[in-house]
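Could you put the whole structure together from the sequences, leaning on the hints where they help?
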Amino acid sequence: MTLLYTEVEEELRASVRDLLADRCGPDAVLKRIESDAPYDMDLWKTLAHQIGVAGLLVPEEYGGAGATAREVAVVLEELGRAVAPVPFLTSAVLATKALLEAGAEDLLRELASGDVTAALVVPLSASPYRPLPETVTAGEDGTLSGQVRAVAGADAADVLLVPVGPALYKVAAEHARVEVVPSLDLTRPIATVTFAGAPGEVLGDVDVRTVLSFGAGLLASEQLGVAEWCLDTTLAYIKERHQFARPIGSFQAIKHRMADLWLDVVRARAAARNAADLLAAPSAPASDLIAPSGAGGGAGADAELAAAVAAAWCSEVALHTAEESVQLHGGIGMTWEHPVHMYLKRAKASQIALGAPGAHHDAVAELADLPGPA
Amino acid sequence: MTGDDVASLAREFLAAHDPGDRLEFLRARFDAGLAWVHFPEGLGGLGLPRELQLVVERELAGTPQLDTGVQGIGLGMAAPTILAFGTEEQKKRFLRPLWTGEEIWCQLFSEPGAGSDLATLATRAVRDGDEWVVDGQKVWTSGAHHARWAILVARTDPDVPKHRGLTYFVCDMHAPGVEVRPLRQITGEAEFNEVFLTGVRLGDDLRLGEIGDGWRVAQMTLMNERVAIGGAPVRRGGGMMGVVTETWRSRPELRTHDLHRRLLALWVESEVTRLAGARLREQLSAGQPGPEGSGMKLSFASINQALSGLDVELRGAEGLEYDDWSFRRSDSVDFFGRGPGYRYLRAKGNSIEGGTSEILRNIVAERVLGLPSEPRVDKDVPWKDLPR
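Residue numbers (my numbering), protein chains in the order written: chain C, 7 to 380; chain H, 58 to 445.
Among the clues, some could well be false.
[Unchecked claim] Here are a few chain C residues that face chain H, going by a calculated C-beta distance under 10 Å:
id, residue
1, L237
2, H262
3, A312
4, V315
5, W319
[To be verified] Sample of chain C residues facing chain H (criterion: CB under 10 Å; computed from the structure):
id, residue
6, P253
7, S256
8, Q258
9, I260
10, M264
11, R273
12, A274
13, L311
14, P363
15, D368
16, V370
17, A374
18, G378
19, P379
Honestly, the hints are just simulated from the structure, not real lab data.
These numbers were taken from a predicted model, which means no experiment stands behind them.
In this text, a Cβ means the ideal position worked out from N, Cα and C, and glycines have one as well.
In structure tokens form, the structure reads like this:
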């Protein structure tokens, strides 16, 4: 166990960062969000085929990289830094984790290749700690009916994964109606997904709490990336921007805020690394794919606590850093032209995603034995 | 030398020495190089990586230990400074009794007119043959009444800008002209003192570093002070958090929703701060020291203050009581042995002692983030011409 980055992780980071610098700069992302195709599927295919990010969590015998949450976290940091509009979190993390839980080997193989993209059909705001609202039902003939709102990555998906009760269903995207709605987060838009007697196939059982908690713990790393970009960009700006014949970054009123932000980000990095590390171990051998890892007790509970801590802290830090970034940029921070608004929107939307901070605090109360008043 | 080698060395040492005689045991441990293995041979160490000290501590657990409270300034601040800047004679003379606790150290830095702006200090040291004559007043001096020696910064040249006219000394606390008066604190006790220096004569062999180089030497001391304050490892839910959660769990009648919400937020903040400290120590032992250390004391101070305040509030009527206001000398801070009111008041010092949180934020902003300093009016002006 280490809270640092390994050499392999740094190499992975460097290749993702290089590609994003080339293909996913702020101007490219701004242009993308104004287009009809908010997800950059060409970039996604390149990330999947050249670097293999789509199959990081997939065991090697199914064509994946057999990597762990630690490597996934590093990719998320870089994607967060670029607010890259690719379905990595939704397909390669949430959907893949659900498939691992359900033991759906064939589909894992397809996802690992990068040729097929999937989405878990739950509201992005779903909390790991509450039962999902049961808005989709399965008929006796295995068809699905119902509607789920605020699904991220659905319009980029070929395959929809729908939890109904304990079961995970697979539905081909063409059998559902996926309507993208105007979204607060322009770089990860949400959609309303409607099934009207859609043919579904049961893949196995899935414990949604485990999947969402895993996702929340890793989303923290994406939030760390968002915060890092905001901190770096603001720092560069306040060194350049002169008022009263001085760089505004020389005023203590601003320096002290930056010092506090930096300290928050330092702690976010430690929290995100810790969550990734505990979510990475023990890496389930392929033979255990079918066995769901319950949340109660032992290493599972430690990982869930680490995920809740990272989710609570990093989502607040990303948001606060983005808000401070807008403020410290002054008027330019309020413009469409400057990219900071995309980070603010991502930060605010991901504060709600996979459990708001309050939900994670409630989980800490349970997991760290700090019960509330009777 | 590997961890196993160090472990067997420590075991051999333990087999050959009787821990029953505390002082003789500690002296022998120093002479065996098992005091601080990262120090050089002959000075209590073996010239090994710092993290191997943990192996020694594990093997020698249950043997006589140092009093890290009373010895804190000696171990944490004087020792690394003497090691870095002292002559061979000074290292030989001072380090062994410093480590064994035979000689206690205190710090004569701050003055009534020089707090955050330490470099503006006014205590004068004037050369007189082989000696220096020191006059001035120092303040916030913890443990001065126990101390055999002090680390002292004094002005040796008032005609140059303030940072350049300072020299660092070891001050003999038994010398004539040294007067220590207790200073009563908001907690009621006197943990620290004011120290008056009147015509105190110090030999030139008590000078640490070059004449006029005192500021650079003092930086080494201050850096170590902040590491010592913010860098101690804690376990999850330990320290001040442990005190609060113990009350929280055992007395459900005290809980409210508002306290619960704040407690959980602080628990999370304590945990991420603990993890950042653990990550920092990993970086240090991997030989990649990061700038994160500068921030640890800031976090520690704010969490300790928030938690100790919550602790008083949580206890309700009991929080209205105070354990002991009597004016007495305290040998060291008995933070957890005292009541919640004491902890609340004592924690107020955490954001002042060892560099105020305001100064630490400046340090982070300027040295870590590379932000420009405020325009300075005092940089190139001789010290004697500065407004005071």
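Tested hints:
Taken as an interface hint, L237/C checks out: its beta carbon lies about 9 Å from the nearest beta carbon of chain H, inside 10 Å. Checking H262/C against chain H: minimum C-beta separation of about 4 Å stays under 10 Å; hint holds. At about 9 Å, the closest approach between the beta carbon of A312/C and any beta carbon in chain H falls short of 10 Å, and the interface hint on this residue holds. Here the hint on V315/C is kept, as its CB sits about 5 Å from the closest CB of chain H, short of 10 Å.
Look at W319/C: its Cβ gets to within about 5 Å of chain H, closer than 10 Å, so that hint holds up. The criterion of a C-beta within 10 Å of any C-beta in chain H is met by P253/C, whose closest approach is roughly 5 Å, and the hint holds. Residue-level restraint check for S256/C holds (minimum Cβ-Cβ distance to chain H is 4 Å; threshold 10 Å). Interface restraint check for Q258/C: the shortest CB-CB distance to chain H comes to about 6 Å, inside 10 Å, so the restraint holds.
A distance limit of 10 Å between C-beta atoms decides the matter here; for I260/C the minimum to chain H is near 8 Å, and the interface restraint holds. Taken as an interface hint, M264/C checks out: its beta carbon lies about 6 Å from the nearest beta carbon of chain H, inside 10 Å. Given the 10 Å rule on beta carbons, the hint for R273/C holds: about 4 Å separates it from the nearest Cβ of chain H. For A274/C, the interface hint holds, the least distance from its beta-carbon to any beta-carbon of chain H being 7 Å, beneath 10 Å.
Checking L311/C against chain H: minimum C-beta separation of about 9 Å stays under 10 Å; hint holds. The beta carbon of P363/C is positioned within 10 Å of a beta carbon in chain H (closest approach about 9 Å), and the interface hint is therefore held. With 10 Å as the threshold, the beta carbon of D368/C comes within range of chain H, its nearest partner Cβ sitting at about 8 Å, so the hint holds. Of the supplied interface hints, the one on V370/C holds, with its beta-carbon coming within about 6 Å of a beta-carbon of chain H, less than 10 Å.
Annotation: interface hint on A374/C holds; nearest CB of chain H at approximately 6 Å, less than 10 Å. Using the Cβ-Cβ criterion of 10 Å, the hint placing G378/C at the interface with chain H is satisfied: the shortest such distance is roughly 4 Å. Among the interface hints, the one on P379/C holds; its C-beta lies about 4 Å from the nearest C-beta in chain H, closer than the 10 Å criterion.
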